[in-house]
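Residue numbers (numbering that gives the first Met the number 0), protein chains in the order written: chain G, 0 to 347; chain S, 0 to 276; chain A, 0 to 552.
A couple of the hints might just be wrong.
[Claimed, not checked] Taking beta-carbon pairs under 10 angstroms as the criterion, some of the chain A residues facing chain S (in silico):
| id | residue |
| --- | --- |
| 1 | F270 |
| 2 | Y426 |
| 3 | D429 |
Quick caveat, the hints were computed from the structure, so don't treat them as lab data.
Positions of the beta carbon are idealized from the N, C-alpha and C atoms, including for glycine.
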Amino acid sequence: MLDARAWGVWALTVLVAASSTRNPLYVVLLLLVTMAVGITCAPARNQGEGMALPRFAIVAILAAALFNGLTSRLGNTPLLHLPDWLPLLGGPLTLEALVFGAINGLTLTAIFSGFATFNQVTPIRDLVRLTPRAFHDAGVVLSIALTFTPQTIRNLNRIREAQAVRGHRVRSFRDWLPIVVPLLVSGLERSMGLAEAMVSRGYGAVSDQAQPLHTQGLLVLGLLALLGGWVARMFSSSWRMLAVGTMIAGAGLIASAVWLTGRSVSHTTYRGHRWAARDTLAVLGCGLTLVMLLLPVPLTDQSTLYYSPYPALSWPIFDPLIGLGLLGLLIPATVSARIRDRSEDDPL
Amino acid sequence: MNVRRAISGAIYALSGATGVLAFAYPFFMDARSGRSIGLAHGQDAPLVTAILVGLSLIALLVELQGQTISAKTVAMLGVLVATTSVLRFVEVAIPMPGGFSPIFAPIILSGYVFGGRFGFLMGVFTLLVSGLITGGVGPWLPYQMFTAGWIGLTAGWMRKIPTPGSRRLNGPAKFGRWDLGLMSAFAFAWGLLYGVIINVYFWPFAAGLDGQTWAPGIGLHETLARYAAFYVATSLWWDVIRAVGNLMLILLLGAPTVRTLTRFQLRFHFKVYSTDA
Amino acid sequence: MIRFDRLTYTYPRASRPALNGITIHIGTGEFVLVAGRSGVGKSTLLRCLNGLVPHFTGGTLRGSISIAGHDPIAEGPKVLSRFVGFVFQDPEAQFVLDRVEDEIAFALENGAVPPTKMRTRVDEVLNLLGLTALRDRSLEELSGGEKQRVAIATALALRPRVLALDEPTSQLDPQSAEEVLQALVHLNRRMGLTVVLAEHRLERVLPYTDQLIYLPGPPARLAEEEEKQPVLSGPPRLVLPRMDRTPPLITLGKQLGWNPLPLTVKEGQVFAEEAVSSSRYQASSSNRGPKIVKSKTSLQVERLSFAYDDTPILRDVAFAVAGGEIVALMGRNGSGKTTLLKCMVGLLRPKQGSITLDGKSLIGQETAAICRKLGYLPQEPDDLLFADSVAEELKVTLRNHDLLDTPPVPPSELLDRLGLSALHTSYPRDLSVGQRQRVALGAVTVTHPRFLLLDEPTRGMDYLAKHELVRLLREWQTEGVGVLLVTHDVELVAQAADRVIVLEQGEIVAQGPSVEILTNAPLFSPQVARLFPGTGWLSVEDALIGLGTGKPA
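Next up, chain G with everything else stripped away, as it sits in the complex (with noise of 0.2 angstroms):
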């Protein structure tokens, strides 16, 4: 299987590509690929879900034709006039409007496949495994809210038993108490059972001195540089370029901080991952992907993205290079097909 860190590069060009163009054939492109990625990369379980991306594209779809056709009033192809004097919905009902807004719930339906192929295919533990040294203490809180659900669980059942067994029953929001009052009760307890056996094994706090001053320095430099750039890029479009600038220098500041509060902690990790060939891969596909919509590459034409069904209907134009260019994203599927295949003719 792919690396978790090649799989969120995955996930974020897929987010990317969906923002990049409203041309309805791209987006169905992309939305297929994400989907025919899901199927043979995910673990064979999860019958059941089987239907939510459907369902979700269904209303998605029709919820934003729905929304769009009424509130916006351009097009020149009525379907409808709706009486003037209602507020905001007066006015012609248009089919363009329906096509915009269908779009949109394509595309919302493109991003929601995309991610939910990342969930299904990154078990959690490896998320976790991705957070950065400077939140070492972040990752120990979310491996102990993990390494304990299972038991939360049951202890609840166990309580609600014991309850029970006392003449308890629930009928309404107030009888949950006694449920509620032990579980945390109880996981408060083992909480601090749990923070002495990790001070007995040694686990000392990511900085057991306080930050020093320039780290949070950078971070109010880094978040203004942030705010200023954004605010300049959206009131002014002449200093367009400046402004991005100064926002992508205030998350290198960000990120910088981040960097330096990693390196004071003290603490080393076993089993990383391995960074095999076929994660370059993936990444390269993404990598082409990106390309292919966002710079202007010579013999694609770039204008195909932006399709507008306003003024008048009429169809898009396909660009094969482009369209090319999305299927970088199929890569991980290749990929793995081949390890499966092998997999199989392995003796067990």
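Since chain G is already given, all that's left is putting chains S and A on it; use the hints.
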């Protein structure tokens, strides 16, 4: 020391401002924003806001972690987050109307008893863990985590509000009727607000306000009105149920829970930080 | 190697010190057993070894401690973790991660051990405890004994020289406890690891103990507090005679003046044979048997079967409990004892069979209704406690059953009998383990049930608390209450039960008076029975009476 506090304050303020701006940007966006690098007409905005919110979340986390976090805090957080996430399963198992979610009440109460910083961390991690468990990791997660964090943080600040009939001099404050009423209202308000904020995230996708050039003169007022329409149509009902649910939970279960948590705090001499958030 | 010098420690906001002027020496490679009642300071003493006291707990400490040349007070737990490994009581509350391997690595990660070395260390430690097969397993799936062994492994990951354990087997069943203790003995003997162990079940470890440290209770009179707390320490045979409560074998040995004091049944058999042959002994059958006339009520179970997802758990179980008798239900872990109890109170629905109380069927009734007549004490009594005061707990049950205005037993009277009158306004969760159990007992008996079902009531309890429980059960017995007692504790059964039922893999394999069952099943034999085979004696009193040297019961 004062410099440090000023800087802490600045970090809170800036990240809060980023959050508010992320929430409010659709209302300010210039319909004629033109193209950014390679992306369609300002359609990158949702992506950018997600990244921005994510970064301010990271900044806040780094800031909070900078103070000494003891093993007790870590263990307690982990267990409380587990407990709250399990309650979320209950939400799924027992069909409840609308947006009712039992996870906000524990976040609010923990923030109230253990302080704003603890509440923030609790909010952030609870949303993360319950998201991970229920397979709901998506681009909306930073938004949820960020908002839930602020719920916990502000719950801690509520402690400082003097209400009639509570002792605040030495020992732990009593959780009297006024406090109960205050926190119930607080929970109700956040129930609504949470929905409003998270909805804003989905709105640009569903409504696609950009790319639709319309007559000039469309400005803040119109956009606000459209959003209000969107909100009423889609999510108001959901959020009212969530808000009412929060209110009921706090009203009915709040006092004993606060007592239990306070007792625990005393028994284990548990103090998260020496200075309050 | 370990040295405590006039150590005095007081918990924060406590009125008296938990440890007062303790002076102890422990040499390298010793196996040390720390004994004493609950709450007397054993846990505190152990936590001084690795600096948890005072760094984790707060409070004030005077005196000095030295562990292998290090000072835990000055250096703190993080540094001491390399020299002292610690294992706690609750197997459920020690693990941060989910997999065995990862958990062991946690300590290594904290110690910033280079990744290349980590793998070897993990292998080494897994090997040491025979856990290599469990390497990839999820901690959730392991048994209690396996979990505790993993806990020991994690404590040993940083290669400490001392291993401290705070009642590691009290939550475990006898087989698991044996596994864990054998592992400790092995570590001590083969690896030369210094082991400091706090335990209630002394009999298992006494044969291996080099030094026994006994902490007697706090002095009765305030004036004596000025003096140092008298701590007894030394080889077991020297300390045991001066201890209050000891395992049956030792107690018997002390009473009969056996010298040198035997620590195992094997050592005691020589003395036992001699005692038997040289005195006028009588077989004890008349000492056992129902103490009062059985009352008419009876709880009957017939042909009960239960399966979970097609796996049969109970097969054709049939037995009866009459009012006024105490019946013990024994069996190995997983034999279905708890399932049986749950079927009886309606938490589970049996596939077939009948459960009747005085002829009326209980199957299909709601648990709440059943529990008015059948009191059930679950394995974790803490699950019941949530009210603000002890008196309130009793009232909650009454309210649930709509009996608040007409209680079958006045709550104050019940509290009196349970010895909790002085504590009726206390917060239940602040009380000791034994006290909390009694509060829970009060909560389920306030409806004056005719039968009582107890699930493992003596887990983690010291001799005193067990004694209290037996006293209570006997009182109830004289009032005609029938008791079904699920337990692993053979000595408890020997003292309290009239009849024994043995369950194995869901089927009853033996049923009969306790004398018969306990003397015939080697797995369930109390020490006295093993010492004196063929006599039918089960407890110390039996033996003393039988040998003609004790007072009649």
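Hint by hint, here is what the structure shows:
1. F270: Given a least distance of 48 angstroms, the restraint on F270 of chain A is violated.
2. Y426: holds (7 angstroms)
3. D429: Cβ of D429 of chain A sits 7 angstroms from chain S, so the hint holds.
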